[in-house]
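Asker: Dock chain B against chain A, hints included.
Those sequence lines, one after another, are chains A and B. Numbering follows the UniProt record's numbering, with no gaps: position 240 of the first sequence is 240. Numbering follows the UniProt record's numbering, with no gaps: position 458 of the second sequence is 458.
None of these hints come from the bench; they were simulated from the model. Only a predicted model underlies this, so the values are computations on that prediction, with no experimental measurement involved. Heads up, the beta-carbon is just placed ideally off N, CA and C, and yes, glycines get one too. Careful: at least some of the hints might be erroneous.
Computed, partial: chain A to chain B, Cβ under 10 Å [stated by the list, open to error]:
id : residue
1  : Ile139
2  : Phe183
3  : Gly186
4  : Thr243
5  : Tyr298
6  : Ala309
7  : Thr326
8  : Leu342
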Amino acid sequence: MSYLEYNVKTVPSGARKVLYLNWPLVLLLTAVASFGFLMLYSVAGGSLSPWAEPQMKRFLIGLAAMFVVAMVPIWLWRNLSVVAYLGSILLLVGVEFFGAVGMGAQRWIDLGFMRLQPSELTKITLVMILAAYYDALPIKRTSRPIWVIIPVLLILLPTFLVLRQPDLGTALLLMIGGGAVMFLAGVHWAYFVAVISAGIATVATVFQSRGTDWQLIKDYQFRRIDTFIDPSNDPLGAGYHITQAKIALGSGGWTGRGFMQGTQSRLNFLPEKHTDFIFTTLAEEFGFIGAFSLLALYALILVFCVSSALANKDRFASLLTLGIATTFFLFFAVNMSMVMGLAPVVGVPLPLVSYGGSAMLVLLTAFGLVQSAHIHRPR
Amino acid sequence: MRRPTKDTARGARKISRRALIVGGLQAGFMGVLALRMRYMQVEEADKFRLLAEENRVNIRLIPPARGEIFDRNGQPIAVNQPSYRITLTREDAGDVDEVIARLSHLIELDEEELNRAMTELRRTSPFFPVTIADKVSWSDVTQIAVNAPALPGVTPEVGLTRTYPMGSDFAHVIGYVGPVSDYDLEKIEAPDQLLFIPRFQIGKVGLESKLEDELRGKAGARRVEVNHVGREMRELDRREGIQGQNLQLTIDHELQNYVQARLDGESAAAVVMDVHNGDLLAIASAPTFDPNLFVRGISVSDYKALTENKYRPLAAKSVQGIYPPGSTFKMVVALAGLDEGIIGPEDTYYCPGHLEVSGRRFHCWKRAGHGHMNVESSLRESCDVFYYELALELGIEKISAMARKMGLGERFDIPMSAVASGLTPTKEWKRRARDAEWVIGDTVNSAIGQGFVLASPLQLAVMTARIASGRAVSPRLIKTIEGIEQTSGDGESLGLNENHLRQVRKAMFAVSNNRRGTAYGSRIIAEGMRMAGKTGTSQVRNITAAERAAGVRSNADLPWERRDHALFVDFAPYDDPRIAVAVIIEHGGGGSSAAAPVARDITLQALYGEDPPLDAYPTKDRGRIEALQEKLRKYRPDAKTDGSSRA
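Chain A extracted, bound-state conformation (with noise of 0.2 Å):
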């Protein structure tokens, strides 16, 4: 197929494949995951259990997927794409049967190692099968409405999955995450300006519906909406969340208050403080200029992967490579803008810094895709 138009002799074979890894973008992962065991150690009271430890086994294990995904040649992670977009799809399927129910949503299914979390499985592969499917087509026909509708079809067939959980924050990560790799694919943007137009006379649609026997959110989903717009209106209730990490946030000023000195977490007035709310215990502690520096850190490892799409000849490589890294740059601002009180709450963790496994191995299996790119990269 497609892979003879590159010089597989020019492309590294065996173990030199180590020497062409990405290595900068495996030191900042390892840089942002640090920053996570320190918070994990830190909110534990100073102790590796029960956090701080099997987050970093984790991160290990997920370093080995990465290197061992970063192996195989892309070409063959093309042709798995359908597969895995199928498999996906499945679980989600499988959740509605087989899931276990976490804060009033279906969310995953225990596999007795670990709780795998298809919704988080399905942001890669939805990206990986949109990024196949550009591949396939041929340019110019990138825009002509039939060939439009396919790539809308493979994203809204997750979505409406997640919604039913009902997961409103990863349904709309999915549709982000999707539309950009449409975007960056080159479909005409009179399609998204169409898109974004639908999507906010929907937004006023289900507000219309409150109260209303065809109401289409859950009640709780409009609290939450409501609570982001003003905490204060229940401040010992759902509002005590957003409350409280701004409190904690915007008392580490400058420098913070020190490591494991933070009043908001180690009193637990912080809720979640070790898996979403834990940007929030990061601030409290060091302050402006650590919180800044997270950011610089997922702001570098967007560059990496941006220049990395660039250089790379090959469309798949390269757009799989950019919406892996929009995925990423979507979890890391809906979780700051969250715990900073310019989102709802909806339940995204910080990558690979929030406590949990799912997230944690899906991502890095997703930078071990971007790594198989970047190593096989026509010469």
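Answerer: This is chain B only, laid out in the frame that chain A set:
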């Protein structure tokens, strides 16, 4: 299939362009995040830092120890005793029911208290200790300490509880404390934060209530760090409170104890006062009650028994009770007459047994009449007609003016509950209060301390002290506060002619030392201890003409509520007065028979400071007195089977 190179290149260019747009958007959004971060963490840092501190730091009050109260000799009357309570902490206990079951084998648990505790346990945070048994004994505490390993989460805690070691002797003076009620809080403007501490005790009645501000002290405070559910993590700093002020009373606890015991069985009140400085040496009201019952939380049946008792044990009759002073008022009228120059020492009125005033007949207690009476004999024999005549010449205004000079009608500022002001009537008063004109009969009634005249035992004691000293002595109950001597009760000279006062004192001496005196039977024979007194019998009913015609029924035939009040006032020793005494026995019958012996015994006890020698009493009384002394000894604090020291 090989794709044309041109196409591939164009696709790559498009990706690059779009990638830069997407990257730019991302960079822009990250810029927004960074700015937001900077805004919150730099510009608004102080605000959020403050909020974090407010979250974290709690102020916890440390209740101060209440001021203690002692008698004039330093004997404790109201003290704080360590009391033990047993608390249970849910999270430490694990299986709460199991622990409580084990605990109930060791100590007795009150069913009601336990039910309340169980509700509280379910409601409060798991780390919050809940009291499951209050006021447990030391032996129970040791039982629990020994079995501590089997009782996880059970902790004995020590607190302070108000205790009145003198039991009922000081109930009416001191009052008692109790937990703050909603009603208490309503009455206070801007209440002290202390009052919101659960189980905090404040004075409810009596001195405990009147001097609450002095006794309470100032709360200390601890700044503690708490977590999100309020669990205390550590103490940041601590400022000790200021203990309440200690008080010393003018009362002598031994005398107080004797007086209470002597009054026992009657509905009565007695006041013993120093004639020079106004110190109240004893101020008793009977029957009394045990204030410790109220501190512990009185049972409904006990409380009902107190409120339904017709002798009104809860009332401090010594200061709250107001009675027609009866013949004890005659000194006032006599002094007014002498002072106004209406009569001289030897001037007489004739008593035929009654007096007609504007068509109405006023009787003397002695139906046959006393004949010619002067100031001394009229007081000695308590002739009524003499005072009717004198009062008619004086008029009510002059009588009342003299009464007020003697302290009647004055509300003395002593820290007991509901100190009464009594009444010294005037024409103006009657117009205002009764909407009626003063009639001549009112003056006649007032002459013998009946009608509108009302006085409390305290006021009668003050009156007697003023006659004895010639000075405007006022009563004093608090000797020192925190060791600082309080203003003495000695007053200015009353400005009365010393000869007139001497006349009245001499007449009072005759009352209890002259064979014809109404209180001769209750005299003191010890030289240098002799007393001068005055009997009083005040009617609580009108005797109708029909009744009088049928013969006035003796008190013994009447139901208790309708019998006369018996009064007696005295000062002693006659030659060099030291103390003044006022006694009233409600519905006791005659002043000479019911009140005088009690007052004499109290006077002697006060003068000697211990059981007086029998030879101070008239010979024929000695056997009876000896038996009485023996009987009263069992009331002594040291002789009591002391149940109150066990908290």
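Asker: A separate judgement is required for each hint: does it hold in the structure or not?
Answerer: Going through the hints against the structure:
Taken as an interface hint, Ile139/A checks out: its beta carbon lies about 5 Å from the nearest beta carbon of chain B, inside 10 Å. At its closest, the beta carbon of Phe183/A sits 6 Å from a beta carbon of chain B; the interface hint therefore holds under the 10 Å criterion. The restraint placing Gly186/A at the interface with chain B holds, with a minimum CB-CB distance near 4 Å, inside the 10 Å limit. For Thr243/A, the suggested interface contact is upheld, since its CB lies about 8 Å from the closest CB of chain B, less than 10 Å.
For the restraint placing Tyr298/A at the interface with chain B, the shortest Cβ-Cβ distance is roughly 8 Å, inside the 10 Å limit, so the hint holds. Given hint, Ala309/A at the interface with chain B, holds; its Cβ is 6 Å from that chain's nearest Cβ, closer than 10 Å. Because the closest C-beta pair between Thr326/A and chain B is about 6 Å apart, less than 10 Å, the hint holds. Nearest Cβ of chain B to the Cβ of Leu342/A: about 6 Å, under the 10 Å cut. The hint holds.
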